[in-house]
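Engineer: Sequence:
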Amino acid sequence: MTPSDASGGAPSGAAAGRWSSLDRPPLNAAVLERALVGDGGLWSSVEVVAATGSTNTDLAARAGQLPEGAVLVAEEQTAGRGRLDRSWVAPARSGLFFSVLLKPGDSVPQERWGWLTLLAGVAAATGVSRAAGVDTALKWPNDLLVTVEGEERKTGGILAERVSDGVVLGIGLNVTLAEHELPVPEAGSLILAKAAVTDREPLLKAVLRSLEHWYGEWRAAGGDPAASGLQEAYAADCVTLGRHVRADLPGGRTLTGTAEAVDADGRLVVRTAEDRHETVGAGDVVHLRSVR
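Numbers 3 to 294, taken from my numbering, label the letters of the sequence shown in order.
Worth flagging that the hints you see were computed from the coordinates, not collected in a lab. Note that CB positions come from ideal geometry on N, CA and C, so glycine has one too. Among the hints, a few may not be true.
Taking CB as the label site, the calculated pair distances span [as the list claims (entries may be wrong)]:
| no. | residue 1 | residue 2 | range |
| --- | --- | --- | --- |
| 1 | A180 | D137 | 19 to 27 Å |
| 2 | H246 | A32 | 48 to 56 Å |
| 3 | V199 | S109 | 20 to 28 Å |
| 4 | V288 | G152 | 16 to 24 Å |
| 5 | D201 | G253 | 43 to 51 Å |
| 6 | A222 | A32 | 29 to 37 Å |
Okay, derived cross-link-like pairs now, EDC-like style, lysine to aspartate or glutamate, Cα gap no bigger than 16 Å in a straight line [said to hold, decoys possible]:
| no. | residue 1 | residue 2 |
| --- | --- | --- |
| 7 | K196 | E181 |
| 8 | K105 | E234 |
| 9 | K105 | E77 |
| 10 | K105 | E70 |
| 11 | K207 | D108 |
| 12 | K156 | E70 |
| 13 | K196 | D286 |
| 14 | K156 | E183 |
| 15 | K105 | D137 |
| 16 | K207 | D60 |
| 17 | K105 | E163 |
| 18 | K156 | E188 |
| 19 | K196 | E153 |
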């Protein structure tokens with residue numbers, strides 16, 4: 003899934019038929035359920051729908067009636083959203099578009115729930131790298147990057163939304179988009195990165211299993227990012243660290259400097275030219291150059 007500020011979107015309904023391809027078979031919900039849902043595991047259900055506006059919106063609306071671990075997957079999203087309410091577009095069955103419901107409860111203080119976005123990033127990067135055989139990196143706070151012809155390109159993103167008693171995490175990943183299908187030149191896909199595997203079922207299973215592992219570690223540590231190993235793992239995967247960056251902050255303010263760390267609250271620590279350390283909790287970060 004790739005962000006776009008354009009008003010247009012991927013085709014839906016009858017028009018989606020032109021995207022049909024033997025290289026883009028539908029997901030098998032029964033196979034996914036058998037593989038992922040079981041006693042003692044995190045995942046309680048896996049539902050696959052042909053199309054919807056937004057899996058995050060749909061799952062959030064039903065969160066009060068569903069147990070933790072509900073997974074909703076769409077073959078196509080017609081109103082997918084990224085950060086800052088940007089639209090997200092992709093041809094049907096060209097990627098993974100799914101949301102999961104997590105309910106940490108009293109085991110994790112709510113002030114630490116913000117780490118779930120970064121946790122999902124670590125889980126997605128780890129799962130994709132293992133299953134697809136392609137290097138996947140993180141751009142703070144929630145972008146998944148792959149390398150296409152020597153250039154870093156965004157191939158996925160994560161959106162977290164609070165609900166009454168938990169968090170809905172939405173993950174989008176471009177899998178088989180060809181160059182001419184990308185909405186913006188900066189976008190990428192696993193197939194363009196020459197991934198060894200582009201079958202969506204093993205990719206989805208790998209990401210969900212990785213997410214289950216990291217969520218279990220984080221929850222067992224009371225949400226402590228250091229004790230759970232999450233903070234270290236995120237820093238190891240985050241290519242923003244060590245870069246000269248520009249952060250476009252809410253309110254129109256711009257901050258430029260070197261990204262040095264991710265702190266205990268998940269914020270990006272930037273050292274400015276005046277040798278001040280400032281933290282960025284929200285905003286767009288642009289990589290300017292590497293200083294490592």
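Engineer: All hints, please: hold or fail.
Structural biologist: We went through each hint and held it up to the structure:
{"no.": "1", "hint": "A180 to D137: 19 to 27 Å", "result": "21 Å, holds"}
{"no.": "2", "hint": "H246 to A32: 48 to 56 Å", "result": "49 Å, holds"}
{"no.": "3", "hint": "V199 to S109: 20 to 28 Å", "result": "35 Å, violated"}
{"no.": "4", "hint": "V288 to G152: 16 to 24 Å", "result": "19 Å, holds"}
{"no.": "5", "hint": "D201 to G253: 43 to 51 Å", "result": "44 Å, holds"}
{"no.": "6", "hint": "A222 to A32: 29 to 37 Å", "result": "31 Å, holds"}
{"no.": "7", "hint": "K196 to E181", "result": "13 Å, holds"}
{"no.": "8", "hint": "K105 to E234", "result": "24 Å, violated"}
{"no.": "9", "hint": "K105 to E77", "result": "25 Å, violated"}
{"no.": "10", "hint": "K105 to E70", "result": "6 Å, holds"}
{"no.": "11", "hint": "K207 to D108", "result": "28 Å, violated"}
{"no.": "12", "hint": "K156 to E70", "result": "29 Å, violated"}
{"no.": "13", "hint": "K196 to D286", "result": "28 Å, violated"}
{"no.": "14", "hint": "K156 to E183", "result": "14 Å, holds"}
{"no.": "15", "hint": "K105 to D137", "result": "30 Å, violated"}
{"no.": "16", "hint": "K207 to D60", "result": "21 Å, violated"}
{"no.": "17", "hint": "K105 to E163", "result": "12 Å, holds"}
{"no.": "18", "hint": "K156 to E188", "result": "7 Å, holds"}
{"no.": "19", "hint": "K196 to E153", "result": "13 Å, holds"}
Checked against the numbered hints listed earlier, the structure breaks hints 3, 8, 9, 11, 12, 13, 15, 16; every other hint is satisfied.
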